[in-house]
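There are 2 protein chains.
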Amino acid sequence: MSHTQPPESTRTPGRAAPLTPWPASARPPAPAAFAPVGRIPVVEVAPVIEDGRWPAKATAGEALPISATVFREGHDLLGATAVLLRPDGSVHSSARMVDVAPGLDRLEAWLTPDAPGDWSFRVEAWSDPVGTWIHDAEVKIEAGVDVDLMLAEGAVVLTRAAELERPAADRDLLLAAAAVLADETLAPGERMVRATSEDVRSLLERAPLRDALSPSATYPLQVDRLKALYGSWYEIFPRSTGAYRDPVTGQMVSGTLRTAAEDLPRIADLGFDVVYLTPVHPIGTTNRKGRNNTLGAEPGDPGSPYGIGSPEGGHDAIHPELGTFDDFDHFVDRARGLGMEVALDVALQASPDHPWVTEHPEWFTTRADGSIAFAENPPKKYQDIYPLNFDNDPEGIYSAVRDVLQTWVDHGVTLFRVDNPHTKPLDFWHRVLTDFHARHPEVVFLAEAFTRPAMMRTLGAIGFHQSYTYFTWRNTKEELGDYLLEVAHETDTHMRPAFWPTTHDILTPYMQQGGAAAFAVRAVLAATGSPTWGIYSGYELVENVPRPGAEEQVDNEKYELKARDHSQDEVRGIAPLLRKLNVARRAHPALQRLRNVALHATTSDQILAFSRHLPADQSPTGHEDTVIVVANLDPFTTRDGLVHLDLAAIGIDVPTGAGPEQHVLTVRDELDGAVYEWGASPYVRLTPSERTAHVLTVLR
Amino acid sequence: MSHTQPPESTRTPGRAAPLTPWPASARPPAPAAFAPVGRIPVVEVAPVIEDGRWPAKATAGEALPISATVFREGHDLLGATAVLLRPDGSVHSSARMVDVAPGLDRLEAWLTPDAPGDWSFRVEAWSDPVGTWIHDAEVKIEAGVDVDLMLAEGAVVLTRAAELERPAADRDLLLAAAAVLADETLAPGERMVRATSEDVRSLLERAPLRDALSPSATYPLQVDRLKALYGSWYEIFPRSTGAYRDPVTGQMVSGTLRTAAEDLPRIADLGFDVVYLTPVHPIGTTNRKGRNNTLGAEPGDPGSPYGIGSPEGGHDAIHPELGTFDDFDHFVDRARGLGMEVALDVALQASPDHPWVTEHPEWFTTRADGSIAFAENPPKKYQDIYPLNFDNDPEGIYSAVRDVLQTWVDHGVTLFRVDNPHTKPLDFWHRVLTDFHARHPEVVFLAEAFTRPAMMRTLGAIGFHQSYTYFTWRNTKEELGDYLLEVAHETDTHMRPAFWPTTHDILTPYMQQGGAAAFAVRAVLAATGSPTWGIYSGYELVENVPRPGAEEQVDNEKYELKARDHSQDEVRGIAPLLRKLNVARRAHPALQRLRNVALHATTSDQILAFSRHLPADQSPTGHEDTVIVVANLDPFTTRDGLVHLDLAAIGIDVPTGAGPEQHVLTVRDELDGAVYEWGASPYVRLTPSERTAHVLTVLR
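Taken in sequence, the protein lines are chains A and B.
Numbering-wise (the numbering used here), the first sequence opens with residue 1 and increments by one.
Numbering-wise (the numbering used here), the second sequence opens with residue 1 and increments by one.
Because the hints were derived from the structure by calculation, they are not lab data.
Mixed in with the good hints there might be a few duds.
Remember, identical chains collapse to one label, so a pair may be satisfied in a single copy or spanning two.
[Unchecked claim] Restricting the straight-line Cα-Cα distance to at most 16 Å, the calculated cross-link-like pairs of lysine to aspartate or glutamate (EDC-like) are:
#: 1; residue 1: Lys140; residue 2: Glu153
#: 2; residue 1: Lys140; residue 2: Asp76
#: 3; residue 1: Lys562; residue 2: Asp301
#: 4; residue 1: Lys477; residue 2: Asp640
#: 5; residue 1: Lys381; residue 2: Glu142
#: 6; residue 1: Lys381; residue 2: Asp76
#: 7; residue 1: Lys562; residue 2: Asp246
#: 8; residue 1: Lys562; residue 2: Glu552
#: 9; residue 1: Lys380; residue 2: Glu138
#: 10; residue 1: Lys477; residue 2: Asp605
#: 11; residue 1: Lys380; residue 2: Glu142
#: 12; residue 1: Lys477; residue 2: Asp634
#: 13; residue 1: Lys562; residue 2: Asp505
#: 14; residue 1: Lys380; residue 2: Asp76
#: 15; residue 1: Lys140; residue 2: Glu376
#: 16; residue 1: Lys140; residue 2: Glu190
Whenever a hint applies, use it, and build me the whole structure from the sequences.
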């Protein structure tokens, strides 16, 4: 075992830690349940999952909207403060909340946790006596009502505000404001203007006088490292790398972890930062599947890496044809050296030859005839697979899986891609995720659950860091637009999306039929539509031939070795586009965030336009960052039209009286360097064979 | 003090109870917060307010939908049971939940609490091994796969089901079913059919074998008496009853509680069951308002009953011109004898002459010049009113208000109409409502908060039993249809609606302009659109003249005595209609429920059609009850068109192959006795001057 530390890691060594099914540190803080309603009521706080039963998702460095419904009796003004608390309970930051839905009393502020950990937040509502006085005094002095009284009451309230713990200069400013209200050499209106100067207002905005302070409950927030949100994944079957046909035997010869390591510079050069390995374990021979998912394997068929387990070992072993743990460690080291982390597949099922079957037959389902149950979807059976029965020995299976995962963590794996988590009990996953969150918070778990919304949301809620999504099946402008908003604003509390145009299991009709342009535009949409995206190897070569009647690749790599000629990537494939997309993603923090998306109307039903905007105060560079994507979804036809920019959404003040021709912004296309001077409704024209999309940096 | 007991009351005598700000019994039970996810996950349980911070609303005798998102891993079947718990924690009833949103895993069951109290409920999810076996076995035996094995496994699972605690006959039925699976004299398919007979399935539906039982948290449900949901209110200013102009002085002479009591038979004859009194307390003279809300009262002007308090007393006193507590008790007794309860206005504010002003100046706001602050909405001031300042002495004010309310409860008031609760702190109301809920759960509080949604919802959430609503301003077909669904299905967890076409403060343009037809159709909509409706006296006389420029009555009864000639009610007014509506409401439990509403499409944008349907198992009579309302919203013009009935919503199976002419149901109009034979899309024609609406009982 020899490799460097993973980036952003806080690894703890080895397996010394005892089995702690529910580490106390992983539990969210208890809320003030059943509190009486506050003096200033705060309800419907967000982001909150099931009232804090599980922590909402947050990421170090990503701004997070904290919102609540806050209101009060009568006419007096209120204020509300969002307060972000570090894992130790100390206040990290706070911000005055603003009304984002006038008439509905919905207030919001954005705060940014800056390190991973078990953070929390609350909302503090309060009565605003200074604001109330300013409002009433301005109206009444203008109307000549209670003039002296209002000035006198202003002096009282400003003095109260001054008496808070404040820097001396601030206190002096407020006391001077109080004093000027009594200055009878000035007209009352003038006294008001001076006492409520911009300096005074801005000071009180920063540090207001807060009466009747009414805090909400404190809600949990799990802050993960940035890789949980932002990453560029590249999936490989390591045995295919360097595979070749033996000229003597005529048989294909498997690649190894060493040949896979030799392919890493190519992947890194494309800009990917996670290399994801399909399972590397020994493969069963009993009922092994043949090419194209046929029932009988021919001699020499390598079998599916998802048919895990043979006499050579199970989930904690490496297929001998791939190499040894030394080779694995070498692979991890090489990836790290190239700035990449390694993700490993976790497919919790066994071939009939898995050591667990003989060592722990009780971990499987025994049928009435004494046989072990195959996986099935009646009347179909999958005779190469025994599913685990988690109810038979939950402790034993949990302990074994924990040890398996720990083995790979100890060998440098920092991300797990979990195969079909929705076919295993959620309480099992909750335990795994809670345990690893406590001991290895740097390890990221990606849920491969292409299933119904409730399951997908709840897998995220109980701790999966990332989720495969419906992006793969969202094709039309309306579908894609709605989905971008859904993942950014509706499900973001529960799930972080990963956008994959294809996987080794999925090749949609759009991808089968749309040629290189379809592969290009879906790459653009995935790479800019979600902070995490991924491709399955061969994408750069536009491999798009389906197995007849199926929505997956013909000659699926799951069942055979697939030698690829990557010398064609650059000339016949779309490698240059992929590289440019990843370069843009690295250069633009706006593309590394989830919640900052906005749609822009276009005049073509085939042209989708959206932007990601990061204001300077939310940007790690301290500078505003904005990327606008304009994509032609029709892979066959040139499409043109106008884009009606939502300028407010990208932080641009609309020039007053600007005509349609007036220059508003300068943009540069990250894909081809072209620069455009745009008005508020620019014309675009996108030809699939030349330029399927714009990915535009706003230069201002 | 002499009167009979209030109906449905559990009154406790007098004020002996100590001041218990947060009676433990009023607190909802603690949930299993931060429980691990269950083996079969249950999330998004409803009806729940803020995860159980406050109890959801329920009513004795009203069926309640309990729903949750329930799902599981893999392909095995699950079941879920909604369980309703009595205040002592024992199980009252339970029901198998059904999928109401296929693909979204949303399950629901309806249960009916049958008595007031602090009930609760939970959802139990479970694995369904029998259902899983039936599904798999049917598919596999049909396909000839694992036939003997599936039969053998069926015997095992049915035997397990038999071994639950069951009646002997049920156990025998299941054991016989298990045995028949082994009967080799029968073909396998025949064995399946016999083992899974309707009797067996129905038994297992009633009492299933439930593996991996996974309960949700237990959530609170406040069950109130039926009057909290269903009532017909009639509002009076008692001083106007029997008021007359003295022929000698030329001055109006006030009516009394005795003259008001004489008017009660008329109100009862109209079918109302709650008589609501505007404030009956002494009225201040300082800055008293004159007629039509003018600033200077003329001699003889009686002042607004909302300007409460004089040297003769405050909120716990009776205006001497109205009479004495004996007269009040007489009024209550008379009402009770006529089957009516008495509601009293609670307007927590003081005239400058209120005893509180001198006894407790600290309960008001003292300004910088030492004066007490008037009510104001800057720059306007209301110099006849001092608002209470609840923050100055919360304990003192709470204690005084509690005593005031107790006084009226002791004198037989069973409902309070709370004036402008949204101008007082919510924590004050929460305390009042929690306290009275514990000591006088029969007392109903109606919130008169015509304000923003968050405030209205939260007032309901913290314990107001009923709420005035936006009905008064919903006029168009779309507005009314949306609103009927909103109050029945969206806000029902928080609020019970009261529909008022007008109040003494509100006369909308529709009511000003639409004549008797407007008053008629709005009465129909209020009386059938909400289980609680109310009218302000004079409605039966179609009093519709506004004060110029205002949306309220001219010569508003708040500021003067108003003698009415009720001999005209029947001939020139709409009293007969009001009587028929209340008769129909008493006869039809479907009109006494909130959640049972459905809309029906019509071909006219002026004709609104909706129904209230109560299946037999939700009906107190044990018989199905259905009322269909078809209303012409245009008070000036005859409108006609087709009503496309949603037959499923009214419990009618659509006849197969039925043409548009086929007879589907017989209906009788409760307003004029006409009987119609209807197909699925009946033609209706409504002439405002003759018949503004149908209120149709379905006879089948």
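> Which numbered conditions among the earlier hints are violated in the structure presented, ordered from lowest to highest?
Replying inline: none
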